[in-house]
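Protein chains in written order, with full-length UniProt numbering: chain Z, 1 to 419; chain X, 1 to 364.
Hints in this document: simulated from the structure, not taken from any laboratory.
Positions of the beta carbon are idealized from the N, C-alpha and C atoms, including for glycine.
Some clues are possibly wrong.
List time: in silico DSBU-like cross-link candidates among lysine-lysine, alpha-carbon distance up to 35 Å [stated by the list, open to error]:
| no. | chain 1 | residue 1 | chain 2 | residue 2 |
| --- | --- | --- | --- | --- |
| 1 | X | Lys149 | X | Lys53 |
| 2 | Z | Lys92 | Z | Lys153 |
| 3 | X | Lys98 | X | Lys154 |
| 4 | X | Lys98 | Z | Lys362 |
| 5 | X | Lys31 | X | Lys297 |
| 6 | Z | Lys153 | X | Lys31 |
| 7 | Z | Lys285 | X | Lys363 |
| 8 | X | Lys297 | X | Lys98 |
| 9 | X | Lys297 | X | Lys226 |
| 10 | X | Lys53 | Z | Lys285 |
| 11 | X | Lys363 | Z | Lys193 |
| 12 | X | Lys170 | Z | Lys38 |
| 13 | X | Lys53 | X | Lys146 |
| 14 | Z | Lys362 | X | Lys363 |
| 15 | X | Lys149 | X | Lys55 |
| 16 | Z | Lys152 | Z | Lys92 |
| 17 | X | Lys150 | X | Lys98 |
| 18 | X | Lys154 | X | Lys55 |
| 19 | Z | Lys285 | Z | Lys362 |
| 20 | X | Lys297 | Z | Lys193 |
| 21 | Z | Lys285 | X | Lys226 |
| 22 | X | Lys150 | Z | Lys285 |
| 23 | Z | Lys362 | X | Lys170 |
| 24 | X | Lys297 | Z | Lys152 |
| 25 | X | Lys31 | X | Lys154 |
| 26 | X | Lys146 | X | Lys170 |
| 27 | Z | Lys193 | Z | Lys92 |
| 28 | X | Lys55 | X | Lys31 |
| 29 | X | Lys226 | X | Lys150 |
| 30 | Z | Lys39 | X | Lys170 |
| 31 | X | Lys55 | X | Lys363 |
| 32 | X | Lys53 | X | Lys226 |
| 33 | X | Lys98 | X | Lys146 |
| 34 | Z | Lys285 | X | Lys154 |
| 35 | Z | Lys38 | Z | Lys27 |
| 36 | X | Lys170 | X | Lys150 |
| 37 | X | Lys226 | X | Lys31 |
Listing some non-contacts, in silico: residues in chain Z with all C-beta distances to chain X over 12 Å [what the hints assert, rightly or not]:
| no. | residue |
| --- | --- |
| 38 | Cys73 |
| 39 | Arg80 |
| 40 | Leu85 |
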Amino acid sequence: MSETETRAGTSAARTEKPAADEKPLLKVEGLVKHFPVKKGLLQRQVGAVKAVDGIDFEVRRGETLGVVGESGCGKSTMGRLITRLLEPSGGKIEFDGTDITHLGTSGMRPLRRDVQMIFQDPYGSLNPRHTIGTIVSAPFRLQGVEPEGGVKKEVQRLLELVGLSPEHYNRYPHEFSGGQRQRIGIARALALKPRMVVADEPVSALDVSIQAQVVNLMDDLQDELGLTYVIIAHDLSVVRHVSDRVAVMYLGKIVELADRDALYTSPMHPYTKALMSAVPIPDPKRRTAKSERILLRGDVPSPIAPPSGCRFHTRCWKATQICTTTEPPLAELRPGQRVACHHPENFEDQQPQDTVLLSVAKEAAALVADEVLAESAQTSAAVAAEREPEASGEAAETEAEASAEEVTKKSASKEPEGK
Amino acid sequence: MTELSKTEAAVGEPTPAGGTPRAFLDVRDLKVHFPTDDGLVKSVDGLSFQLEKGKTLGIVGESGSGKSVTSLAVLGLHRLGNRGKNVQMSGEIWLDGKELVSASPDEVRRLRGREMAMIFQDPLSAMHPYYTVGNQIVEAYRVHNKVDKKTARKRAVELLDRVGIPEPAKRFDNYPHEFSGGMRQRAMIAMALVNNPELLIADEPTTALDVTVQAQILDLIRDLQKEFGSAVIIITHDLGVVAEIADDILVMYGGRCVERGPVDKIFYEPQHPYTWGLLGSMPRIDRAQTDRLIPVKGQPPSLINVPSGCAFHPRCPYEDVPEGGVTRTERPELREVGGRHHVACHLSQEDRSRIWTEEIAPKL
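Extracted from the complex, chain X is given alone in its bound form (with noise of 0.2 Å):
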C-alpha cells in the first residue's frame, strides 16, 4: 500500500517483514469474510489503519459498513468455537509488536482481556445475570492474574468506585438488573478496565443511552484514557460523539475505509462524498436550520454483491464527474491527501477541493 510504505520511509522503521511494525495497533489490509447460504459477506475488505498509545480512533459508518466486525477481529473473537470455522480472515494485526491473525487461539486468549479489552453497547445483555457485577469483574482480574479472591474482590472494588459507582463495596453484589443503564455501562468498563489494558475497544458504548447519561460515560472514558494512557477505538454511527472524543477519524462504507484523518480535518475539509454525505445528513443542535437536511440517496450496500469499482458510486451525485466510468469499474486506492489525511476517491484533488468549498460547505 502507498500510504504505509511512504510513512514509513518517513519515519525510517523497518517494513514489517523486518519485525517490528510501527504503530501500538497497526492492521494492514485486514480482510473478514464470512461464507453463507447466500454468497461470500465481504463484511470488511482490505482495511488498514494505526493507532498510537493514548490516542483515541473514531470508526463511522452505517450499520453493515463492517465498523463491529474489525473491532471483534482485533480481539480474535470470530474465531471461537464454532463461529471459527464460518469465518476467513486475512491481512495483519500488529499489536504492540505481536501479529494477532497468525496467533494461535490461546496466544490471542492471554492477551484479550488483559492488554485489549471490550465495551460492549449492551451491558445489559453484555453481563451475565446470573452472576453478581462484582465477582463477574473479579473473574476478569483473576484470569490474568494469580491473587485470591480477597485482593481481586479489593481490585474490584477500587475499580468500581472509579468509574463511579456510589457505595461500591456494598454495589459489589449485586446482580446487573438492580443496576441502572448507566451504572451497568459504568460497571462494564470497570470490567473492561480491571487488567489495565493497554487498546481498549468500545463498541458503541452510549448509543443505548440517555444523553444525559452519555455525557457522563463520555467524560468517564476520557478521564480515564488520560489516567492509563490506553489506546482507544471508539466505534458509533454518531458524528457528535466522535467529534467530542476522538483524535482520529476512521469514515468505513462497504466494508472498506473511505477516508481517514484527523479529527478537524474530516469536520471542516472532509473529501469524500459519503462524508459529505454523513455531515449533511445530520440535524444540528448547535444552529437553527430551517433548510432541508440533505441526505444520502438510496439504500446501503448489500455486502454481498459489493458494487463494483467504487462501492459508493450507486449513491454519489458525482459518480459521472470522473472521465471514462472509472467509478464504475475501478475500485479506488486509499491516497494520501496530505498530513494524515487519506481518501479513496476518483474525483480529482481540485475537483474535490471545489465540490467542497462551493457546493457543500455553504450548505451544512
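Pulled out of the complex, with its shape left as it was, chain Z reads as follows (with noise of 0.2 Å):
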C-alpha cells in the first residue's frame, strides 16, 4: 500500500467511524482462555485460572481502544488471544471478516503482517546480542519481505520514523535508553505496515517526559499510517489521553466498554467509578475533595474460583441479592455505552425492587462519603424520571430528594456499624 493510499484510507475510516454499518476490523466473541491448575504427581487439573472468562467486544478501523483494569484482570491475556500469542479456550476471534480462532502457526503467518505487537518491557523484549539492524529487519526476514530499495534502506527509514538516528543501525540494544528501545520495538512492530498494533503497557516502564514523547509518536504514526491500535494500561490517565473507546475490565470480564469521554464524565459501573476516584489528581487543591474518593475494600478476589453472579459483589457498595446469583450481561444502556451492572451508577436502576443491600455491601458503603451516595442516588433517579415522560417533572425531583435523603438515612445509620 502506499503512504497516500494509506493515508486516504485512515481519513475514510475516521470519517466514517460512527457508521455502524462499516464491518470492524477484530471483532471477539465469548472469548475464554483458561489456564490449568496442575497438582500432584499425575500433574491431575484441579482447577482453571479463569483468565479470560467470556468477552465480547470489537475494534472499528482506525480506532484507539483502551482497555484498562487492576493486575490480573486478564486484559494482557487478552491481548496475546487476539493477536493469537495464545490459544483460546474458547469463543471466536474473528480479524477481518477471517476466523483465526484456531489458526496454527503456519495459517497465521501472513496475518501476522497484519497484527503486531508492543511489548512492555523494553529490556526484555530486544535481544541483547543483535544489532538493532537485525531486530527491525527480522519482520521482512520471516515473512520473506523484499522492501523496494533493499531491507536496510527500509529500516533506516522506519529508524527515522519513529525518532531514531539511521546510524544506529548497526548498535546493541544496551547502548539505548528505555525510551529509545521503546521505539525500536515501535519500529519493529510496524515494518510489515500492520493493520492493527496491540500495543501492552508501551509506556509504563518509561519515565513521564519520555512517556509524553511515545504517546505522541504513537499518535503521530496513527495519523500517517492509518494504524488502529488496542492499547492495554493500568494508567487511566494515559487511556484517558489516547483512547477513542475504552473497555473496563475485572476478573475477566469486561464491565464496561464505552465512549471515552462517556466513561470518563459518568461512569456507570460502580467499579469503573471506583477505579477512576482512585487515580491521584496532581492538583492539590483537589486534595479537599477527598471525600470523593471511593476506596473499596480488600483485594480481588482469585480468579481460580472467581464469585457467583456479578464478579465485582463482594467489593461493591450497591450490591443486593440478585448480583450474588444472576449474572449481569453487557447491555448497551446509553447509546455507545455497554455496561454489565443490575444497579449502574448515572442512570436508571436495573433491578428497582431488589433493594435490600447485602451486610458486604453495607460495610463497603461505610467507606464511601455520604455525599457520593446522595449524588448517585439523585443522578439515577433524575435519568429514571428522564427516561419516563408521564411522571411530572416535579414529582420527579422530589422523588430524587426523598431517595437521596434516604440514602443520607441510610448511610447515617450504618456508621456505627461501619466503626
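Since each chain sits alone in its own frame, please combine them into the complex, following the hints.
Written as C-alpha cells, this is what we have:
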C-alpha cells in the first residue's frame, strides 16, 4: 500500500467511524482462556485460572481501543489472545472477516503482517545479541518480504520514522535508553505496515517526560499510517489521553465498554467509578475534595474461584441479592456505552425491585462518602425520571430528593456499624 | 549557601558551626559519588533541604535523578559492608541534632529502624521469603527494644491490625508470598513503624500497586503520620501522588535540586523549565484533553558526564534566552524566589513569570 493510499484510507475510516454498517476490523465473541492448575504426581488438573472468561467486543477500523483494569484482570491475556500468541479455550476471534480463533502457526503467518504487538518491557523484548538492524529487519526476513530499495534502506527509514537516527543501525540494544528501546520496538512492529497494533503497557516502564514522547509518536504514526490500536494499560490517565473507546476489565470480564468521554464523565459501573476516583489527581486544590474517593475493601478475589453472579459483588457498595445469583449482561444502556451491572451509577436502576443491600455492601458503603451516595442516588433517579415522560418533573424532583435523603439516612445509620 | 543563611538569619538560630541546626532533618550540600570503571557517577551532587516533624516532603524526578540515592544516604545504607568502599559521601545530614555523614556505622545503625525507617518499593524483595511476616516485624522491634518474644509478638500483631491486615493474629504466621501485593506493602509499613520512627522514608511506596490499592496505602500513610507525627519523605515519579500527600516538593534533575517549594507553588506557579516539562508531559485524568502532550525533548543526562552549566540546558527550550551562553558555562545556584520557593535557573524572574503565564500555563 502506498503512503497516499494509506492516508486516504485513514481519513475515510475516520469520517465513517460513526457509520454502523461498516464491519469492525476485529470482532471477539465469548472469548475464554483458562489456564489449568495442576497438582500432584500425575499432574491432575484441579482447577483453572479463569484469566479471560467470556468477553465480547469489537475494534473498529482506525480507532484506538483502550483496555484498563487492575493486575490480574486478564487484560494482557486478552491482548495475547487477539494476537494469537495464546490459543483460546473458547469463543471466536474474527479479524477482518476471517476466523482466526484456532489457526496454527503457519496459518497465522500471513496474518502476522497485519497484526503486530508492542511489548511493555523494552529491556526484555529486544535480543541483546542482535544489532538494531537485525532486530528491525527480522519481520522482513521471516515474512520473505523484499521492501523497495532493499531491507537496510527500509530499516533506516523506519528508524527515522520513530525518531531515531539511521546510524543506529549497527548498534546493540544496551546502548540505548528505555525510551529509545521502546521506539525500536515500535519500529519493528511497524515494519510490515500492519493494520492493527496491540500495545501491552507501551509506556508504563518509561519516565513521564519520555512517556509523553512515545505517546505523541504513537499518535502521529496512527494518523500517518492509518493504524488501529488496542492499547492495554493500567494508567487511566494515559488511556484517557490516547483512546477513542475504553473497555474496563475486572476478573476476566468486561464490566464497561464505552466512548472515552462518556466513560470518564459519567461512568456507569460502580467498579469503573471506584477505579477512576482512586487515581491521584495532580492538583493540590482537589485534595480537599478527597471525599469523592471511593475506597474499595480488600483485594481482588482469586480468578481460580471467581465470585458467583456479578464478580464485583464482594466489594461493591450497591450489591443486592440478585448480584450474587445472576450475572448482569453487558447491555447497551446508553448509545455507545455498554455496562454489565444491575444497579448502575448515573443511570436508572436495572433491578429497582431489589433494594435490600447485602451485609458486605453495607460495610463497603461505610467507606464511601455520604455525598457520593446521595449524588449517585439523585442522578439515577433523575435519569429514571427522564425516561418516564408521564412522570411530571416535580414528582421526579421530590422523588430524587426523597431517595437521596433515604440514602443519607441509611449511611448515617450504618456508621456505627462501620466503625 | 545563600538561602540557608537567609532563613537562619530570619529565625535567629545558630549556624551549623555553632551546633544545633534548625530543622528536624537538615540535609546540606549532600554529595554521593560512586567511582566506576567508566568514570565517577555523581548520583547526588550538592543537595540541600530541610524537613520538619509532622510534614511530608515529596521528591520527584526521573529515574537516575538521584532520588533513591538521597534516601539511602540519609539512612546510611550506602556504607554497609563492601559497598562502603565504593562510595564517596560528603556534606551534612542532621537528624534531630545528630550528624549522620560523619557518624560511625554503629551509631547510624542504632538510629536506623528506631528513629528513621524506610518503606521500599517492592515489598516482595524487601522481605525475607524464609521468615514469617510476623517474625520479621518482631526482629525489627527486638533489635532496638529489650523485650521478650511474647511482648514483641503482641506489639507486632497490634501494628498489623493498625495497618489494616484482617485477622492479624493469624496472619502473623504467614509467609510473605501468602500476602497479596497491597497486604505486603501494609506489612512493610507495619515493620517500618514498629519502633515509632520520627522520620519515615517511602521510596516509591505505591508504584508497584494498582490504583485502588494505591489509594488505600496513601490514605494509610497519611493517617499514620497524623497519629505518630513523624516526618515523611515520599519519593515518587508520580506528580499525582505528591499533589495528594506532600506539603513540600523537591524536584530533582541530574543529581541536583532544580526547584523546591510548597506544593501549591510547584503546581500553580512553577518556575523551572524542567518542572514545566513534567507538568506538560503528564496526561490528566481530570480533564478532557484533545491536544498533544508537551514532552521534554531529548534524554535524561548521563550522571558520569553531566552537561556543563545547567544540567538541563540540552533539553531546555529556553536555553538561549539568558544572554552570553551562560546556561552552558555556569551552574545556576538555587535561589529563593519568595515564600520558601527556591529555583535554580538562569532565566530572570520576569522571563520565568512571563513564559509561565503566557506560554506554559494556557497549554496545560
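Against the structure, the hints come out as follows:
1. With a C-alpha separation of about 31 Å, the suggested pairing of Lys149/X with Lys53/X holds against the 35 Å cut-off.
2. Between the alpha carbons of Lys92/Z and Lys153/Z the distance comes to roughly 39 Å, so the proposed pair goes past 35 Å and is violated.
3. For the hint pairing Lys98/X with Lys154/X, the CA-to-CA distance comes to about 32 Å; that is within 35 Å, so the pair holds.
4. Proposed proximity of Lys98/X and Lys362/Z is contradicted: the alpha carbons are some 50 Å apart, above 35 Å.
5. Our distance criterion of 35 Å between C-alpha atoms is met by Lys31/X and Lys297/X, whose separation comes to about 27 Å.
6. About 47 Å separates the Cα atoms of Lys153/Z and Lys31/X, which puts this hinted pair outside 35 Å; it is violated.
7. Our distance criterion of 35 Å between C-alpha atoms is met by Lys285/Z and Lys363/X, whose separation comes to about 19 Å.
8. Of the supplied pair hints, the one linking Lys297/X and Lys98/X is violated, its CA atoms being roughly 42 Å apart against a limit of 35 Å.
9. The suggested pairing of Lys297/X with Lys226/X is violated, with an alpha-carbon distance near 40 Å, which exceeds 35 Å.
10. Of the pairs offered as hints, the one joining Lys53/X and Lys285/Z holds, with about 23 Å between alpha carbons and a cut-off of 35 Å not exceeded.
11. Between Lys363/X and Lys193/Z the CA atoms are separated by roughly 33 Å; this keeps the pair inside 35 Å, and the hint holds.
12. Only pairs whose Cα atoms come within 35 Å are accepted, and Lys170/X paired with Lys38/Z is accepted, the gap being roughly 28 Å.
13. This hinted pair checks out: Lys53/X and Lys146/X have alpha carbons roughly 27 Å apart, not beyond 35 Å.
14. At roughly 44 Å between alpha-carbon atoms, Lys362/Z and Lys363/X are farther apart than 35 Å, so this suggested pair is violated.
15. With a CA separation close to 34 Å, the supplied pair Lys149/X and Lys55/X stays within the 35 Å bound.
16. Distance restraint check for Lys152/Z and Lys92/Z: the Cα-Cα separation of roughly 39 Å exceeds the 35 Å cut-off, and the hinted pair is therefore not satisfied.
17. For the suggested pair Lys150/X and Lys98/X, the alpha carbons sit about 33 Å apart, so the restraint of at most 35 Å is met.
18. A distance of roughly 29 Å separates the Cα atoms of Lys154/X and Lys55/X; the hinted pair therefore holds under the 35 Å criterion.
19. Using a Cα cut-off of 35 Å, the hinted pair Lys285/Z and Lys362/Z holds, with the two alpha carbons roughly 31 Å apart.
20. For a cut-off of 35 Å, the pair hint linking Lys297/X to Lys193/Z stands: about 27 Å separates their Cα positions.
21. A hinted pair counts as satisfied when its Cα atoms are at most 35 Å apart, and Lys285/Z with Lys226/X qualifies at roughly 20 Å.
22. In summary, the hint linking Lys150/X to Lys285/Z is not supported, as the alpha carbons are separated by about 46 Å, beyond the 35 Å threshold.
23. The suggested pairing of Lys362/Z with Lys170/X holds, with an alpha-carbon distance near 25 Å, which does not exceed 35 Å.
24. Note on Lys297/X and Lys152/Z: the hinted pairing holds, with a Cα-Cα distance of about 27 Å set against a maximum of 35 Å.
25. Among the hinted pairs, Lys31/X with Lys154/X is inconsistent with the structure: their alpha-carbon atoms are about 42 Å apart, more than 35 Å.
26. A threshold of 35 Å between alpha carbons decides the hint, and for Lys146/X with Lys170/X the separation of about 25 Å falls inside it, so the pair holds.
27. Between Lys193/Z and Lys92/Z the alpha-carbon distance is near 25 Å, which keeps this suggested pair within the 35 Å criterion.
28. Of the supplied pair hints, the one linking Lys55/X and Lys31/X holds, its CA atoms being roughly 24 Å apart against a limit of 35 Å.
29. At most 35 Å may separate the alpha-carbon atoms for a hinted pair to count; Lys226/X and Lys150/X meet this at roughly 28 Å.
30. At most 35 Å may separate the alpha-carbon atoms for a hinted pair to count; Lys39/Z and Lys170/X meet this at roughly 26 Å.
31. Restraint check: the Cα-Cα separation between Lys55/X and Lys363/X comes to about 32 Å, which is no more than 35 Å; the hinted pair holds.
32. The hinted pair formed by Lys53/X and Lys226/X meets the criterion: a straight-line CA distance of about 11 Å does not exceed 35 Å.
33. A C-alpha spacing of about 23 Å is found between Lys98/X and Lys146/X, which places the hinted pair at or below 35 Å, so the restraint holds.
34. At most 35 Å may separate the alpha-carbon atoms for a hinted pair to count; Lys285/Z and Lys154/X exceed this at roughly 41 Å.
35. At roughly 32 Å between alpha-carbon atoms, Lys38/Z and Lys27/Z fall within 35 Å of each other, so this suggested pair holds.
36. This hinted pair checks out: Lys170/X and Lys150/X have alpha carbons roughly 15 Å apart, not beyond 35 Å.
37. With a C-alpha separation of about 32 Å, the suggested pairing of Lys226/X with Lys31/X holds against the 35 Å cut-off.
38. Non-interface status of Cys73/Z relative to chain X is broken: a Cβ of that chain comes within 12 Å, the nearest being about 9 Å off.
39. Non-interface status of Arg80/Z relative to chain X is upheld: no Cβ of that chain comes within 12 Å, the nearest being about 20 Å off.
40. Every beta carbon of chain X lies more than 12 Å from that of Leu85/Z, the smallest distance being close to 24 Å; the non-interface claim holds.
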